[in-house]
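**Student:** Put together the whole structure using the sequences plus the hints.
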Amino acid sequence: MEILLQIMINVMLPIFSLITVGAFLHRMFAFDMKTLSKLNTYLLIPAVCFTNVYQSNMSGETLYLILCFLVIQNGCLIVVSAGIAKAAKFESRLGSTFKNSVVLSNNGNFGIPISQLVFQHNPIGLTVQVIVMIFQNLLTFTYGLFNAVSAEKKGFHALGLLFKNPVIYALLLAVILKALSVNIPEFIWTPIENTANAFLAIALVTLGAQSAFIKLYQFSKPLILSLIGRLILSPCIGFIVILMLNLEGTTAQALFIASAFPTSRNSSIFALEYGNHPDYAAQTVLVSTIFSLITVTSVVYLAKILF
Numbered sequence: 197m198e199i200l201l202q203i204m205i206n207v208m209l210p211i212f213s214l215i216t217v218g219a220f221l222h223r224m225f226a227f228d229m230k231t232l233s234k235l236n237t238y239l240l241i242p243a244v245c246f247t248n249v250y251q252s253n254m255s256g257e258t259l260y261l262i263l264c265f266l267v268i269q270n271g272c273l274i275v276v277s278a279g280i281a282k283a284a285k286f287e288s289r290l291g292s293t294f295k296n297s298v299v300l301s302n303n304g305n306f307g308i309p310i311s312q313l314v315f316q317h318n319p320i321g322l323t324v325q326v327i328v329m330i331f332q333n334l335l336t337f338t339y340g341l342f343n344a345v346s347a348e349k350k351g352f353h354a355l356g357l358l359f360k361n362p363v364i365y366a367l368l369l370a371v372i373l374k375a376l377s378v379n380i381p382e383f384i385w386t387p388i389e390n391t392a393n394a395f396l397a398i399a400l401v402t403l404g405a406q407s408a409f410i411k412l413y414q415f416s417k418p419l420i421l422s423l424i425g426r427l428i429l430s431p432c433i434g435f436i437v438i439l440m441l442n443l444e445g446t447t448a449q450a451l452f453i454a455s456a457f458p459t460s461r462n463s464s465i466f467a468l469e470y471g472n473h474p475d476y477a478a479q480t481v482l483v484s485t486i487f488s489l490i491t492v493t494s495v496v497y498l499a500k501i502l503f
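Here the sequence shown stands for residues 197 to 503, where the numbers follow the numbering used here.
Be careful, since some hints might not be right.
Said to hold, decoys possible - Here are the computed distance ranges between Cβ atoms for each label pair:
(1) 338 with 201: 39 to 45 Å
(2) 490 with 371: 35 to 41 Å
(3) 224 with 257: 48 to 54 Å
(4) 424 with 271: 16 to 22 Å
(5) 267 with 380: 29 to 35 Å
(6) 384 with 489: 34 to 40 Å
To be verified - The list that follows gives simulated cross-link-like pairs (lysine-lysine, DSSO-like), each with its CA atoms no further than 27 Å apart:
(7) 234 with 360
(8) 411 with 234
(9) 417 with 282
(10) 360 with 230
(11) 285 with 374
(12) 230 with 411
(13) 285 with 411
(14) 360 with 374
For the record, the hints were derived by calculation from the structure and aren't laboratory data. Just so it is clear, CB atoms sit at the ideal spot from N, CA and C, and this is done for glycine as well.
**Tutor:** Here is the structure:
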């Protein structure tokens, strides 16, 4: 219980304090959300990705196991969410948003800050989270977008959106420089590192601002099922896959924690753009983020005990 309390105070409380600050400031001053989004996407997240991959000592075998975990775990979530949607007799648009709410997780401006705090003395943990985030980006702009647009042809533009994301190029550059043992000059490395260090606060303030005006009307059946799928079933499936692959140590901890993150904001954006019950989608993002204060704290605690 003492360890659980320490995690709540030292990890989750700082996270939600900044989220609250972001919501308050956005209500006071009405931030330009597009600017904040672009700042995170095109500068801060690529800097975090680059610095952690460049500094890590992850082997090729470990990377292979991480990718195996992600494919199996997310594949199971896709099948399970589709089964639940069918069993609950959701119509196609509601089912589309429900499936995205379960499969797509917030590994960017929620997951990376959590990992920065949990693994602040172990860069491998954060590197695992960066890989998870890149995989989630791929999943979002393929399965997530195709799922949202159903059979519409414009869904095939999703890969174009993916290749416009600078995180991929930051990853490739870091891998190439590391493979060639290139030493980055101090005058270049310092601004990159400073930019990466700024990510934690700005990303969480942005997440708070995104949630500032979302309204919750009731705990509907789809909302409850989304919360169960995203916050409970996902880490349970993740735990089983970790045991199947015999993962252990920091890698197992990071993947288990990553499997418990709340619903991605992108699921709400897709629902709004294509008219797939946007109010329900926005509520799922907000409520899953709030409830993750309890569920993610518990998973972090279990990860440290089990692995």
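**Student:** If a hint holds in the structure, say so; if it does not, say that too.
**Tutor:** Hints, one by one, checked against the model:
1. For the hinted restraint 39 to 45 Å between residue 338 and residue 201, the CB-CB distance of approximately 40 Å keeps it satisfied.
2. The hinted range of 35 to 41 Å is satisfied by residue 490 and residue 371, whose Cβ atoms lie roughly 37 Å apart.
3. Between residue 224 and residue 257, the C-beta spacing of about 50 Å keeps the proposed range 48 to 54 Å intact.
4. Between residue 424 and residue 271 the C-beta distance comes to about 19 Å, which sits within the given range of 16 to 22 Å.
5. Take residue 267 and residue 380: their Cβ atoms lie about 32 Å apart, and the range 29 to 35 Å holds.
6. At roughly 38 Å, the beta carbons of residue 384 and residue 489 sit within the given window of 34 to 40 Å.
7. Between residue 234 and residue 360 the alpha-carbon distance is near 12 Å, which keeps this suggested pair within the 27 Å criterion.
8. Note on residue 411 and residue 234: the hinted pairing holds, with a Cα-Cα distance of about 25 Å set against a maximum of 27 Å.
9. Only pairs whose Cα atoms come within 27 Å are accepted, and residue 417 paired with residue 282 is accepted, the gap being roughly 14 Å.
10. For the suggested pair residue 360 and residue 230, the alpha carbons sit about 16 Å apart, so the restraint of at most 27 Å is met.
11. Taking the CA atoms of residue 285 and residue 374, the gap is about 50 Å. The hint is violated against a cut of 27 Å.
12. The straight-line distance between the Cα atoms of residue 230 and residue 411 is roughly 21 Å, inside the 27 Å bound, and the hint therefore holds.
13. Between residue 285 and residue 411, the direct Cα distance comes to roughly 26 Å. Compliance with the 27 Å bound is thereby established for this hinted pair.
14. Of the pairs offered as hints, the one joining residue 360 and residue 374 holds, with about 23 Å between alpha carbons and a cut-off of 27 Å not exceeded.
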